[in-house]
Amino acid sequence: MSTTLAFDQEDPTDAPVTNTPHERRQIGANLIIGATIVTAIIAAALVSFVWTPFDPTNIEISDRLQGVGWEGHVLGTDHFGRDVLSQLMVGARNTLFIGILAVGIALVIGVPLGGLAAARRGWLEESVMRLSDVMYAFPAILLAILLSAARGPGTSSAMIAIGVAYIPIVARVTRGAALTVFQTDYITAAHSYGRGKTYVFVRHVVPNISSVLIVQATVLFALAILAEAALSYLGLGAQPPTPSWGRSLFEAQTFFRLRPALAFFPGLAIAISVIGINLLGDGIRDYLDPKLAEKS
Amino acid sequence: MDTAEPVLQVTDLSVSVGSTPALSNVSFIIRPGARVGLIGESGSGKTLTALSIMGLLPDGLFASGSVVHDNRELLDLTEDQLCEIRGDRITMVFQEPMTALNPVMRIGDQVAEVLRIHRSLSRAEASDRALELLAQVRLRDPLARMKAYPHQLSGGQRQRVVIAIALACDPALIIADEPTTALDVTVQAQILVLLRDLVEDHNSSLLLITHDLAVVANVCEEVLVMYGGRIIESGPTTQVFDSPHHPYTSGLLAAVPEIEPGQERRERLDTIRGSVPGLGQFPSGCVFRNRCDRATDDCLDDPNLVAIDGSEQDGATRMVACFHPIHAQSTEASPR
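Chain order of the listed sequences is A and B. Mapped onto this note's numbering, the consecutive letters of the first sequence carry residue numbers 1 to 296. Mapped onto this note's numbering, the consecutive letters of the second sequence carry residue numbers 1 to 336.
Please keep in mind that the hints were generated in silico from the structure rather than gathered at the bench. Bear in mind the structure is a predicted one, so any value in this text is a computation, not a measurement. Any given hint could turn out to be false.
[Claimed, not checked] Computed cross-link-like contacts, SDA-like style, restricted to lysine to any residue with a CA-CA straight-line distance of at most 20 Å: (1) Lys147(B) <-> Leu288(A); (2) Lys147(B) <-> Glu132(B); (3) Lys197(A) <-> Pro58(B); (4) Lys197(A) <-> Leu61(B); (5) Lys197(A) <-> Glu79(B); (6) Lys197(A) <-> Pro103(B); (7) Lys197(A) <-> Thr99(B); (8) Lys197(A) <-> Gln239(B).
Pulled out of the complex, with its shape left as it was, chain A reads as follows (with noise of 0.2 Å):
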C-alpha cells in the first residue's frame, strides 16, 4: 500500500523545552512566611527540650502574676510565678505534637478508606462513606471525654480524639478528589498499562490529589492546634504540669482583669501558629502544583 501523506518535516509544534520546572517555580510569599512561623514553632519546641529560660514548671509563689519583663522573665510569670515564656516554649511541644500525630491517624485512615470509596464505588462505596457519616455525626468533644473516662485524660487521648474525629474529613475530601481523577483518561491509560487499582491510586491518583490533600491537612493541623486547646481548656487535654497552651489560656481566664497579659501570649501563640501552618499549606500547594507555577 502506498501512501499519498509525504511527511517528514518536523511538527511545527515541537518547539524545544524552554524552561526546565524547577527554574520557573517561584517560591510565593504564603510560602515564605508560612515556613518561618512554623519554623520559628518548631525551633521553640526543640530549644525547650536543652534550655529554657527559667524552669518551666518550677513554682514561685513569691514571683506569682508578675508583669512582662520583671526580673528576666520576658513575658511575666503565671499566678504560681511560673516563667510564661518557658512555658509557652515547652507547650509548643506539646502542639505540635499532637497537631502531627492527630493528623497522621486521619490522613493514614482516611485516605485509604476515601481511595477505596472511590475506586471501588457501589457497596462498599456507600458503607465506607455513611459509616464516615455516623463518624461524623458524633461530635468530637464527646469521643474525647470518651476516651478520657476509659484511658484516663492526657495528650494521648486529645490526640486519639481529634485524629479519629478526622478521619470522615480526610475519607470525604480524599474520596471526592479522587472520584474526579479516577474518571480521567489518564487514570485509564495507567491502568491499560497494567497494573491493578491500589497501585494506580497510590503512583497516579494521590499524587494528583496531593494538593487538596496537603491543604486539607495543614487546615485540620490548624484546628488540631484549636482542639488541642479546647480540650485543655476543658481538662481533657495535657494534664498538669505538663506545659500546654491550652491549658495556659484556660487557667489565665480566672486572672483575665488582674493580668490580661496571661492571657494575651497563649492566645498568640495559638492564633499565629494556625496562621503559619495555613500559609505554610497555601505555600507548598502552589510550589508543588507545576501548573500554579507556570501562571505566576
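Take the given structure of chain A and dock chain B to it, following the hints.
Below, chain B alone, put in the same frame as chain A:
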C-alpha cells in the same frame, strides 16, 4: 494465505448497557503484523470494542463472547492476569493526548513506568530505555523532554509520548483509539506515519480505531466497518473502498468530499439520510434498514456477516452483513 496464529481472535463479542445491546456479536481476527482499521461513526461501538479487549470496560459493563490472545481467553482472566498482558502484550494509544498523560509526572518517568512494571528494570535502565523510545518517536531534544511535564508539550508531542509508552514493551498488538482526532491536520499525518512505521519496526500489529476514512486508507491494509454495534463489512482496505458491498459503507465513502486539482467542486455532498439512532433505538433486524435505500422486508431479519467467495487477498476475506449487497464492479460476488 497466512496460517500464522492470529494475534487476536475476537468471536461474538457482545456488551450490553443495561438491557440494551451496545455491541452485538462482533467477530474479527488480527493476524501478526497486520494493520487493521476499525471504522464507524460516533456511538457505533468502536471504543467499547477496544475497552472490552483491554478489559477496561467501565464499572457495570460486562463483555460476553470470546477474545483470544496467545491461546488465552482474555475475558476469563482475573484482573491480575490481565495486568500482565496490558501494557506489555497489548497496549493502547488514547484519543486525547491532552489528558492521557498524568499531569503531575515527568514525561520520562511515565515512559519508564511501563518498563519498570513489566521488565523489572532498574531505575537507571528504564530511564535509558525511555530516552531511546522518546528518540524513536522523533521527539526533538528527548533528554530535555524527559524532565518536562505534560503541560509543557504540545498535543502532537504528547501523542508521541503516548505512542512511546504503547511501544515500550514491544507489544504484540497496539490498539489506537482515534489517535489523531484531537490533533491538527498537519500533525495528524505525521503521527500516523510515525505510528505506522514504528508498528512495523516493533513487529507489532495495529488495531486503528477511527472515523476518518482517509486515515484507514493510508495506514491499514484491512478494514472493519462498524455500525450500530456490529461489524457490517470487512475485508482488504482497497477492495472495500473500491467496491463497497454494504450500502452503509458505500454511503460513508460517498460522503467524503473529493478535492482533486482541476476537478469542479461538487455543489453538495452526498449524505446518508437520517442520523445514527441513539443507543437502544436501532431497528430490529438489520440495524441499518431504517436509513437504507435498498431495504426490503428481508431486512427485518438480522443479517449475518458472511464471506464473499473468491475475494480472499493476503489472507483477508471480504465479508458483508447485508441481504442486498451492492455489487459494483465486482462480478465474482454472487448472492448468497
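Can you confirm whether the C-alpha distance between Lys147(B) and Glu132(B) stays at or below 20 Å? Roughly 14 Å separates the two Cα atoms, so the pair holds.
Proposed proximity, Glu79(B) with Lys197(A) (alpha carbon, max 20 Å): holds, 10 Å
Compare the distance between the alpha carbons of Lys197(A) and Gln239(B) with 20 Å, and conclude whether the hinted pair is satisfied. Since the Cα atoms of Lys197(A) and Gln239(B) sit roughly 44 Å apart, the hinted pair is violated (cutoff 20 Å).
Is it true that the CA of Lys197(A) sits at most 20 Å from the CA of Thr99(B)? holds, 19 Å
Straight-line Cα separation of Lys197(A) and Leu61(B) no greater than 20 Å? holds, 17 Å
For the pair supplied as a hint, Lys197(A) and Pro58(B), is the alpha-carbon distance within the 20 Å limit? holds, 13 Å
Are Lys197(A) and Pro103(B) close enough, with their CA atoms no more than 20 Å apart? holds, 18 Å
20 Å limit on alpha-carbon distance, applied to hinted pair Lys147(B) and Leu288(A): holds, 15 Å
Hint 8 from the list above is the single one not met by this structure.
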